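*Asks:* Residue strings, one per chain:
Protein chains: 2
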Amino acid sequence: MPILKLPGLIDPHVHLREPGAPHKETWDTGTAAALAGGFTCVLDMPNNTPPVVDATALSAKDRVAREHARCDYGFHLGANEENAADTAALAPYTVGLKMYLDQTFGPLKMEGLGALIAHARAWHPDHPLLCHAEGRTIAAAILAAHLAGRAIHICHVSRKDEIELIRAAKEQGIRVTCEVTPHHLFLTDADIPAIGPGRAEVRPRLATAADRDALRANLTIVDCFATDHAPHTLPEKDSENPPPGFPGLETALPLYLALVDAGLLTLNGLIERVVTNPRRIFGLPEQTETWVEVDTAAVWQVHGADLFTRARWSPFEGWTMRGGVTRVVLNGKDAFRDGTIVAAPGSGRNVRKSINEMSLRGAS
Amino acid sequence: MPILKLPGLIDPHVHLREPGAPHKETWDTGTAAALAGGFTCVLDMPNNTPPVVDATALSAKDRVAREHARCDYGFHLGANEENAADTAALAPYTVGLKMYLDQTFGPLKMEGLGALIAHARAWHPDHPLLCHAEGRTIAAAILAAHLAGRAIHICHVSRKDEIELIRAAKEQGIRVTCEVTPHHLFLTDADIPAIGPGRAEVRPRLATAADRDALRANLTIVDCFATDHAPHTLPEKDSENPPPGFPGLETALPLYLALVDAGLLTLNGLIERVVTNPRRIFGLPEQTETWVEVDTAAVWQVHGADLFTRARWSPFEGWTMRGGVTRVVLNGKDAFRDGTIVAAPGSGRNVRKSINEMSLRGAS
Numbered sequence: 007m008p009i010l011k012l013p014g015l016i017d018p019h020v021h022l023r024e025p026g027a028p029h030k031e032t033w034d035t036g037t038a039a040a041l042a043g044g045f046t047c048v049l050d051m052p053n054n055t056p057p058v059v060d061a062t063a064l065s066a067k068d069r070v071a072r073e074h075a076r077c078d079y080g081f082h083l084g085a086n087e088e089n090a091a092d093t094a095a096l097a098p099y100t101v102g103l104k105m106y107l108d109q110t111f112g113p114l115k116m117e118g119l120g121a122l123i124a125h126a127r128a129w130h131p132d133h134p135l136l137c138h139a140e141g142r143t144i145a146a147a148i149l150a151a152h153l154a155g156r157a158i159h160i161c162h163v164s165r166k167d168e169i170e171l172i173r174a175a176k177e178q179g180i181r182v183t184c185e186v187t188p189h190h191l192f193l194t195d196a197d198i199p200a201i202g203p204g205r206a207e208v209r210p211r212l213a214t215a216a217d218r219d220a221l222r223a224n225l226t227i228v229d230c231f232a233t234d235h236a237p238h239t240l241p242e243k244d245s246e247n248p249p250p251g252f253p254g255l256e257t258a259l260p261l262y263l264a265l266v267d268a269g270l271l272t273l274n275g276l277i278e279r280v281v282t283n284p285r286r287i288f289g290l291p292e293q294t295e296t297w298v299e300v301d302t303a304a305v306w307q308v309h310g311a312d313l314f315t316r317a318r319w320s321p322f323e324g325w326t327m328r329g330g331v332t333r334v335v336l337n338g339k340d341a342f343r344d345g346t347i348v349a350a351p352g353s354g355r356n357v358r359k360s361i362n363e364m365s366l367r368g369a370s
Numbered sequence: 007m008p009i010l011k012l013p014g015l016i017d018p019h020v021h022l023r024e025p026g027a028p029h030k031e032t033w034d035t036g037t038a039a040a041l042a043g044g045f046t047c048v049l050d051m052p053n054n055t056p057p058v059v060d061a062t063a064l065s066a067k068d069r070v071a072r073e074h075a076r077c078d079y080g081f082h083l084g085a086n087e088e089n090a091a092d093t094a095a096l097a098p099y100t101v102g103l104k105m106y107l108d109q110t111f112g113p114l115k116m117e118g119l120g121a122l123i124a125h126a127r128a129w130h131p132d133h134p135l136l137c138h139a140e141g142r143t144i145a146a147a148i149l150a151a152h153l154a155g156r157a158i159h160i161c162h163v164s165r166k167d168e169i170e171l172i173r174a175a176k177e178q179g180i181r182v183t184c185e186v187t188p189h190h191l192f193l194t195d196a197d198i199p200a201i202g203p204g205r206a207e208v209r210p211r212l213a214t215a216a217d218r219d220a221l222r223a224n225l226t227i228v229d230c231f232a233t234d235h236a237p238h239t240l241p242e243k244d245s246e247n248p249p250p251g252f253p254g255l256e257t258a259l260p261l262y263l264a265l266v267d268a269g270l271l272t273l274n275g276l277i278e279r280v281v282t283n284p285r286r287i288f289g290l291p292e293q294t295e296t297w298v299e300v301d302t303a304a305v306w307q308v309h310g311a312d313l314f315t316r317a318r319w320s321p322f323e324g325w326t327m328r329g330g331v332t333r334v335v336l337n338g339k340d341a342f343r344d345g346t347i348v349a350a351p352g353s354g355r356n357v358r359k360s361i362n363e364m365s366l367r368g369a370s
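Chains as they are written, first to last, in this note's numbering: chain E, 7 to 370; chain G, 7 to 370.
So that you can see chain E by itself, here it is in the shape it has in the complex (with noise of 0.2 Å):
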């Protein structure tokens, strides 16, 4: 049996739904099947209900991912058209400023470009600062990101104008980095009807084969891959009013070593988007005596049923992988082996300060 160690993977990009939606996911599920995928640090966003844009809603999340975590997790805040001038005073508690600047799920869409250039501005320059934009939206993000002075990291790039520009943009010295998901570099447009319309739902849509082509192509400047694990029930996906979004953590790693299977990525490079840029973009600390094995020729198949998110279905369901995740080290202790979740609920770690920790000691 081949087996490939790999450094805990990061996903930059993963909504667990809880505190809101427990039905859709939790931590306690939904860093199960982070262990499960090989990712032993998950940066959740912001969009819960009610969103995370204030120290109430983030000390809420902070105490139920504290309880529940089996993985490492860090929280991304919300922007919104109000809280420019309070963002700030959060961020040691958090990863990151994200910015909805296009449709997406939940009410956190800002519109115009006055909301856009206060983050921009207001947001410390030191302190990430990532936004899901789409189309001309980005371009109008990496410059008032710019005119700031600062960096900006562009959520799930997905089509081909998209990355195009921002290898344009970082060609001439602009602070630009950007994440791709695997559904965007293995579905396109074409698989909709297979998945199932409802079911395909997602932001960014499902783009072109031309697209799908593009990202790949461009790897070089592609600096993370996130999964964008954004689960629903089936019964919601497949309603009148489909929610947009996919469950990944389970079925991206085999896809990312399909990317190098194909001679598209080294086995470096994947670390690097799965490992090292994360880390640096977001500022995490490392995880020691943390690691994956991987049986690189396992051979599996897709099934929702079995996966660990309480979504419990898959874009990619049916598809057959290579690469199966066999164990998990975290902070020195087993936190996935064969098959079943070791680490217990709780057991994760906040990369950064809690929040709620901080408060108590305020208080002491």
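Worth flagging that the hints you see were computed from the coordinates, not collected in a lab. Remember, it's a predicted structure, so these values are computed and weren't measured experimentally. Certain hints may be false.
Unchecked claim - What follows is a set of in silico ranges between Cβ atoms, one per label pair, in the way DEER data are often shown:
#1 Asn274(E) with Ala223(G): 48 to 58 Å
#2 Leu270(G) with Ala223(E): 47 to 57 Å
#3 Glu177(E) with His309(G): 56 to 66 Å
#4 Arg181(E) with Arg181(G): 16 to 26 Å
#5 Lys115(E) with Arg69(G): 47 to 57 Å
#6 Glu87(G) with Gly202(E): 26 to 36 Å
#7 Pro98(E) with Asp195(G): 40 to 50 Å
#8 Gly155(G) with Asp244(E): 41 to 51 Å
Virtual Cβ for every residue (Gly too), placed ideally from N, Cα, C.
Got chain E; can you put chain G on it based on the hints?
*Replies:* Chain G in isolation, oriented as in the chain E frame:
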């Protein structure tokens, strides 16, 4: 009678509607309005019916302008989703390439990032590129031009966020120029009820008093004044589906002079914005033996019915203006004198080569 002598004014942004909609305006009536307003050169926009996006449409406009224009003129070419590869050949006959990136009058609006980038790259960096863009789209257009290594001109900037963004870009040495209209400098959304909701429709929309004040406070970075003279008939403006646009050529100069009277601008600063800068930005020839005489003490009331524009209305109806054009000399000849248009239709000159002359020469 205190007479102020000015160089002939240049309006870099007018819609003379012919061919396509001569009931709104013609080259005859539109250039008569220009001369009555002190303008000796107008640059005409491409959103005719059909739009001026190719040699055929440009040739048709050239023919009618050549026969009927009473003042000098140039043509902006229209960008669309398909013609990026074909515009370069038309550059010698045009004064700029106009991209409609946000909602406007006519069918020329381009969606998405791809066409914006394609045009920014394909249009020669020495030829003027201009755009109708609002809000974030301005930021996107500036970045696209910057990455293509070229300048861009932003038409009719109307809001605080926008002018401040352009200021920030200029301060960082990015090659962007801009224009503002008299109506955005003098009217706000508070004027809409008095003007009437249909008549007040314009793109960009009339904005807030704070926006108007920000434009006035940032005149140092406004390169040009432009009327965006966009005539529609009163029945059209008072209809259930009023098209956006104001006539503006005959009311602009007194409003510009009012900015000087208010101490917001020097007279030299005004001349820069209506003569020197438009000439430089759009690469126009100097108009020799050409000047305008203004009775700076003349006080008159705006009555749409008295105007030369075929639209025969004004959003400034009933306003008391100070400053009246008494004489316009163009190319050594009287073109307007004491209320009468003297210049004959066809006496105006194309500031570029004529596409039709070129064809004739090519055929000889």
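*Asks:* Hint by hint, say whether it matches the structure.
*Replies:* Cross-check of the supplied hints:
no., hint, in the structure
1, Asn274(E) with Ala223(G): 48 to 58 Å, "holds, 54 Å"
2, Leu270(G) with Ala223(E): 47 to 57 Å, "holds, 52 Å"
3, Glu177(E) with His309(G): 56 to 66 Å, "holds, 57 Å"
4, Arg181(E) with Arg181(G): 16 to 26 Å, "holds, 20 Å"
5, Lys115(E) with Arg69(G): 47 to 57 Å, "holds, 49 Å"
6, Glu87(G) with Gly202(E): 26 to 36 Å, "holds, 31 Å"
7, Pro98(E) with Asp195(G): 40 to 50 Å, "holds, 42 Å"
8, Gly155(G) with Asp244(E): 41 to 51 Å, "holds, 49 Å"
The structure is consistent with each of the numbered hints, conforming to all of them.
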